[in-house]
Amino acid sequence: MHDRPVITRFAPSPTGHLHIGGARTALFCWAFARRHAGRFLLRIEDTDQARSSEDAARGILEDLAWLGIGWDDGPLWVDGPSDPNVCSGGQAVGSSRRPAQYGGDARGVGPYYQSQRRDIYEREFVRLLEAGLAYPAFETPEELGAMRKAAEAEKKTFIYRQRGDYDHAAALARVRRGEAHVLRLKMPGQAITVHDRVLGDVTFPAEELDDFVIRKADGFPTYHFAVVVDDELMGVTHVLRGQEHLNNTPRHIALQRALGFRTPFYAHMPLIFNLDATKMSKRDKDKAAKKAVRDAGIESVAGLVERLHSTGRQRERAVLQSLSDADLQVWLKDKQRQLGREQVGAVAAALGLKLPEIDVEDFRAAGYLPEVLCNFIALLGWNPGERNADGTDLERFDQAFLASRFDTDRIGKTNSKFDREKLLAFNADTIQHGLTDERFAGLWLGWAERFDEQLATWARADAARWQVASRAARPRTKTLSDAREAIGFALVPDDAVVFDDKAVGKVLHKGEPSGLVVLEGAGKVLASVDPWAPEAIDAALHAFATDRGLGMGKVAQPLRVAVTGGSVSPGLGETLALIGREGTLRRVERCLMECRGSVI
RNA sequence: GGCCCCGUCGUCUAGCCAGGUCCAGGACACCAGGUUUUCAUCCUGGUAACACGGGUUCGAAUCCCGUCGGGGUCACCA
Numbered sequence: 007m008h009d010r011p012v013i014t015r016f017a018p019s020p021t022g023h024l025h026i027g028g029a030r031t032a033l034f035c036w037a038f039a040r041r042h043a044g045r046f047l048l049r050i051e052d053t054d055q056a057r058s059s060e061d062a063a064r065g066i067l068e069d070l071a072w073l074g075i076g077w078d079d080g081p082l083w084v085d086g087p088s089d090p091n092v093c094s095g096g097q098a099v100g101s102s103r104r105p106a107q108y109g110g111d112a113r114g115v116g117p118y119y120q121s122q123r124r125d126i127y128e129r130e131f132v133r134l135l136e137a138g139l140a141y142p143a144f145e146t147p148e149e150l151g152a153m154r155k156a157a158e159a160e161k162k163t164f165i166y167r168q169r170g171d172y173d174h175a176a177a178l179a180r181v182r183r184g185e186a187h188v189l190r191l192k193m194p195g196q197a198i199t200v201h202d203r204v205l206g207d208v209t210f211p212a213e214e215l216d217d218f219v220i221r222k223a224d225g226f227p228t229y230h231f232a233v234v235v236d237d238e239l240m241g242v243t244h245v246l247r248g249q250e251h252l253n254n255t256p257r258h259i260a261l262q263r264a265l266g267f268r269t270p271f272y273a274h275m276p277l278i279f280n281l282d283a284t285k286m287s288k289r290d291k292d293k294a295a296k297k298a299v300r301d302a303g304i305e306s307v308a309g310l311v312e313r314l315h316s317t318g319r320q321r322e323r324a325v326l327q328s329l330s331d332a333d334l335q336v337w338l339k340d341k342q343r344q345l346g347r348e349q350v351g352a353v354a355a356a357l358g359l360k361l362p363e364i365d366v367e368d369f370r371a372a373g374y375l376p377e378v379l380c381n382f383i384a385l386l387g388w389n390p391g392e393r394n395a396d397g398t399d400l401e402r403f404d405q406a407f408l409a410s411r412f413d414t415d416r417i418g419k420t421n422s423k424f425d426r427e428k429l430l431a432f433n434a435d436t437i438q439h440g441l442t443d444e445r446f447a448g449l450w451l452g453w454a455e456r457f458d459e460q461l462a463t464w465a466r467a468d469a470a471r472w473q474v475a476s477r478a479a480r481p482r483t484k485t486l487s488d489a490r491e492a493i494g495f496a497l498v499p500d501d502a503v504v505f506d507d508k509a510v511g512k513v514l515h516k517g518e519p520s521g522l523v524v525l526e527g528a529g530k531v532l533a534s535v536d537p538w539a540p541e542a543i544d545a546a547l548h549a550f551a552t553d554r555g556l557g558m559g560k561v562a563q564p565l566r567v568a569v570t571g572g573s574v575s576p577g578l579g580e581t582l583a584l585i586g587r588e589g590t591l592r593r594v595e596r597c598l599m600e601c602r603g604s605v606i
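Those letters in the first sequence? Residues 7 to 606, per our numbering, in order.
Some hints could be false.
[Said to hold, decoys possible] The list that follows gives simulated cross-link-like pairs (lysine-lysine, DSS-like), each with its CA atoms no further than 27 Å apart:
(1) 516 - 428
(2) 516 - 530
(3) 293 - 341
(4) 297 - 339
(5) 293 - 428
(6) 297 - 360
(7) 360 - 419
(8) 162 - 222
(9) 512 - 285
By construction, these hints were calculated from the structure, which means they are not laboratory data. Remember, predicted model here, so these are calculated numbers, not experimental data.
Kindly generate the complete structure, drawing on both the sequences and the hints.
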């Protein structure tokens, strides 16, 4: 076993989007395989017929691909990320932006959907049954529930054991007659020790181990069974998974022994929680949205749509309108009731609410960069233990670094809390110091095309302007989604600029000469600036300021207020360039009129 | 409740396995200054932790035991 090539696997169940915790598990499995020149395998555990869906499976593949966590074996993925500028880590597809291709069945150990492997499981069930290592059990769920309750009444944990009068031949006969039944594994009655690479040896006493179900009444294998069989058949050597699985491991080992399989190496990773120590759950988003609607005192769909109107988002609008007032009421009153993902998103958009990010898709929509997200989650439970040249701890790294250093020996044992502030700082740092303007422009556009149609349209209308916008927004941007705020003034029609009273009072009406006087003079200078580009505009304005013996602030702020309505914007040259000469002059003119007309 | 895991600044962590160089280092956040045409960036400085109690030892954040605290798990879900 020690000389077998390393094979790790990530095995999500397709019941929803990829959770950030799952992403870390996948990343670690991927990194471990890379580090040991092995293979990383992806398997879809869809043995729960009721909850699994093909859509969810596809979504998970896409999330992984976006993160740059490519898999060697598994479902084929050739579409590639829909975002042409997406960063890819690890087995990078390179700067040529070819579509990524992951998966396939080079070793011939597929299929990788468990629902397609039922004949394989069946063979193994028969083996166990014939060897007397597994047996049919006929209790109904109701009966089991009663037994559990009875045990509880005695303050004991219910442990299922084979009945003393169990008769294998008779049981098999009942099965042949077609009686509903499950299959259970006969536990060996001895303590089982898990040799864990993170936690060390962990021993579970025999009394704690029950004869658990390995095949459900519907004929599907349980998770325990499928995972053990598939890991063996697919050659998995190292199982890295969350600590919540530790208690399952003795069962898996018992199963491996019964089936004559090898036991892989195990490494159970600590868990990730919210900052407030609650579990990171999809419900968090629904909760936040519900609270916001209640706090805003909104009771009808129309009330929500009205809020949305000002921001002009068509998609969210349609989503909201698909809701009825009755739906909304029921949702508001019932704590348990949850809205769909799209609906929650639309509600948040209407209220200008930032939803807590839980799934990979949430972080993507919020404008986090995939390589930053990977960097950050890698640090939750793992640390390279190296220093930078300046003596600080090395904590910023890319996937290539992870792939070259990652191992189980530096995985920590303690659970961690997900600090979004630090993630945000990482993201901001990468955007501001780790990207060129060109690359940022591409990433931002890719993001807009997926999440902000209005911005994307504006971007496509004028490529040169988009370059300026990117240059202006990048230094003030922490996530791709807030870059828009930095240049939002440019998307507003010239006559719709709203002048902030405070700003007007402070920079236009005060001073000697007053802001308005300076503004008028600056406007005249601007009329003849050529070319209309940031550098030329800045140069002209500096000359103007020097000429009048004014500090730059005295010139910049009145202009800023005149063209954006407020006192905050990117550099003045960029700000004016984005608005255009015509727009700038019109805005200055309009400001002069309005503010002189209403002298305070 | 049974079983299992864990316990260093508010948060992520380095240090622990091979006890002294640790009155505990870094990062994020926070606070105070500085640079700057606004904002952001950037620079400088600061506050802040070995859960508690016993051992072992010349010496313990590091080893042992106990207490307390947190988490996981107890399904025909994965």
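Going through the numbered hints above, which ones does this structure break? Give me the numbers in ascending order. Result: hints 1, 7, 9 break, sorted rising.
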